[in-house]
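Peer 1: The lines below spell out each chain.
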Amino acid sequence: MPEMTCKELVELVTAYFEDALPADERLRFERHVGVCSGCSTYVEQMRQTITLVGGLREEDVSPAAEQHLLQAFRGWKRDGS
Amino acid sequence: MGSDGSDGDGAHGAPETDEARLIASLLRGDEAAFMRLVEQYQAAMVRLAQVYVRDRAVAEEVAQDAWVAVLKSLRQFEGRSSFKTWLFHILVNAARTRSQRERRSVPFSALAPDADGLLGDEPSVAPGRFRPAGEPSAGGWITLPQPWDDQPEASADSRETREHIAAAIGRLPANQQSVIRLRDIEGYSADDVCQMLGISDGNQRVLLHRARSRVRQALESYFAED
Chain Z
18 MPEMTCKELV ELVTAYFEDA LPADERLRFE RHVGVCSGCS TYVEQMRQTI TLVGGLREED
78 VSPAAEQHLL QAFRGWKRDG S
Chain R
4 MGSDGSDGDG AHGAPETDEA RLIASLLRGD EAAFMRLVEQ YQAAMVRLAQ VYVRDRAVAE
64 EVAQDAWVAV LKSLRQFEGR SSFKTWLFHI LVNAARTRSQ RERRSVPFSA LAPDADGLLG
124 DEPSVAPGRF RPAGEPSAGG WITLPQPWDD QPEASADSRE TREHIAAAIG RLPANQQSVI
184 RLRDIEGYSA DDVCQMLGIS DGNQRVLLHR ARSRVRQALE SYFAED
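If you read the protein sequences in the order shown, they are chains Z and R. For the first sequence, the residue numbers in the numbering used here are 18 to 98. For the second sequence, the residue numbers in the numbering used here are 4 to 229.
It is worth saying that the hints were derived from the structure and are not from the lab. Mixed in with the good hints, there may be bad ones.
Stated by the list, open to error - When the alpha-carbon atoms are kept at most 35 Å apart in a straight line, the in silico DSBU-like pairs for lysine-lysine are as follows: (1) R:Lys75 with Z:Lys94; (2) R:Lys87 with R:Lys75; (3) Z:Lys94 with R:Lys87.
Stated by the list, open to error - Partner residues are not named here, just some residues of chain R that face chain Z (Cβ under 10 Å, in silico): (4) Trp70; (5) Ile168; (6) Ile188; (7) Asp195; (8) Gly201; (9) Arg215.
Built from N, CA and C at the ideal position, the CB exists for glycine as well.
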């Protein structure tokens, strides 16, 4: 089995995180990251990206939207659909 | 009663039981139950609708239409999917239909073939960053990625960083955006997202990978500017 290259590895990071790589592929991935500082930085950046994207979560339902929905619910109830 | 409380939806006990109870409450016309659901899902629904229809007011209308559609077919809900995947599935369809109507004349639309975000070869990293074939160490980094150190944690709260990330996500094709939002912002599982968007597991992963890779690229350029 040939060594995984850096160029190949960057395509497999999500599959690796999702545990979707076949066992041998996973082994090649881990073996490569273990000896390649560039790829280990890259994998870490992908993790940081996921964390940072997760930070965008906000809860902000406008009161007007809530009112509209409540009215829609009452309308549905009234029509007995 | 199950008490692991680990599904992150704030629900306890077996999901089927909870969902059956929930549907029953809605059918009884329980307003409080409905408003709890709104509180739980509405913000995420509006954000997701905005992938397809940019305008916030239109996205709110789409979300409302989705709720109404859900209520109307509530009696037919058979629990083959979970309530939330059903809800989001209806929302995404409503948003797509709406964008179809609104963007008919716009050249780049969520309907362009690449709205899929699956077409073509889209390298995660610019090919120029790797040694070309035929050279020693072909496929290896030419210049190594530079660690971001503690920057991300430190800047996670910075408004500027958040704006950059939001803008990078906003530039993604619609389906990549939907997937990264649902997975990494809203925190839904891969299975849930496949059902919500009606896509295969493999496509879900490709879309997520492309989306994350592009956002990483954007962050790399942004952190390099400082």
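Peer 1: Is the interface hint for Ile188 (chain R) satisfied, with its Cβ closer than 10 Å to some Cβ of chain Z?
Peer 2: holds, 5 Å
Peer 1: Is the hinted pair Lys87 (chain R) and Lys75 (chain R) satisfied, with a Cα-Cα distance of at most 35 Å?
Peer 2: holds, 16 Å
Peer 1: Go through the hint on Trp70 (chain R) and say holds or violated, using the shortest Cβ distance to chain Z against 10 Å.
Peer 2: It holds, given that the least Cβ distance between Trp70 (chain R) and chain Z is near 6 Å, below 10 Å.
Peer 1: Next pair to validate is Lys75 (chain R) with Lys94 (chain Z); report whether the Cα-Cα distance is within 35 Å.
Peer 2: Given that 35 Å is the threshold and the Cα spacing comes to 10 Å, the pair holds.
Peer 1: Under the criterion of a CB-CB separation shorter than 10 Å, is Arg215 (chain R) in contact with chain Z as hinted?
Peer 2: This interface hint holds because 6 Å falls under the 10 Å limit.
Peer 1: Hold the hint about Gly201 (chain R) up to the distance rule: shortest CB distance to chain Z must be less than 10 Å.
Peer 2: Because about 19 Å separates Gly201 (chain R) from the closest Cβ in chain Z, which is outside the 10 Å limit, the hint is violated.
Peer 1: A closest beta-carbon separation below 10 Å is what the hint needs, so does Asp195 (chain R) meet it against chain Z?
Peer 2: Because about 14 Å separates Asp195 (chain R) from the closest Cβ in chain Z, which is outside the 10 Å limit, the hint is violated.
Peer 1: Please verify that hint: Ile168 (chain R), Cβ, nearest Cβ of chain Z, below 10 Å or not.
Peer 2: holds, 6 Å
Peer 1: Does the alpha-carbon distance linking Lys94 (chain Z) and Lys87 (chain R) stay inside the 35 Å limit?
Peer 2: Holds. Lys94 (chain Z) to Lys87 (chain R) sits at ~21 Å (cutoff 35 Å).
Violated hints for the displayed structure, listed by number in ascending order: 7, 8.
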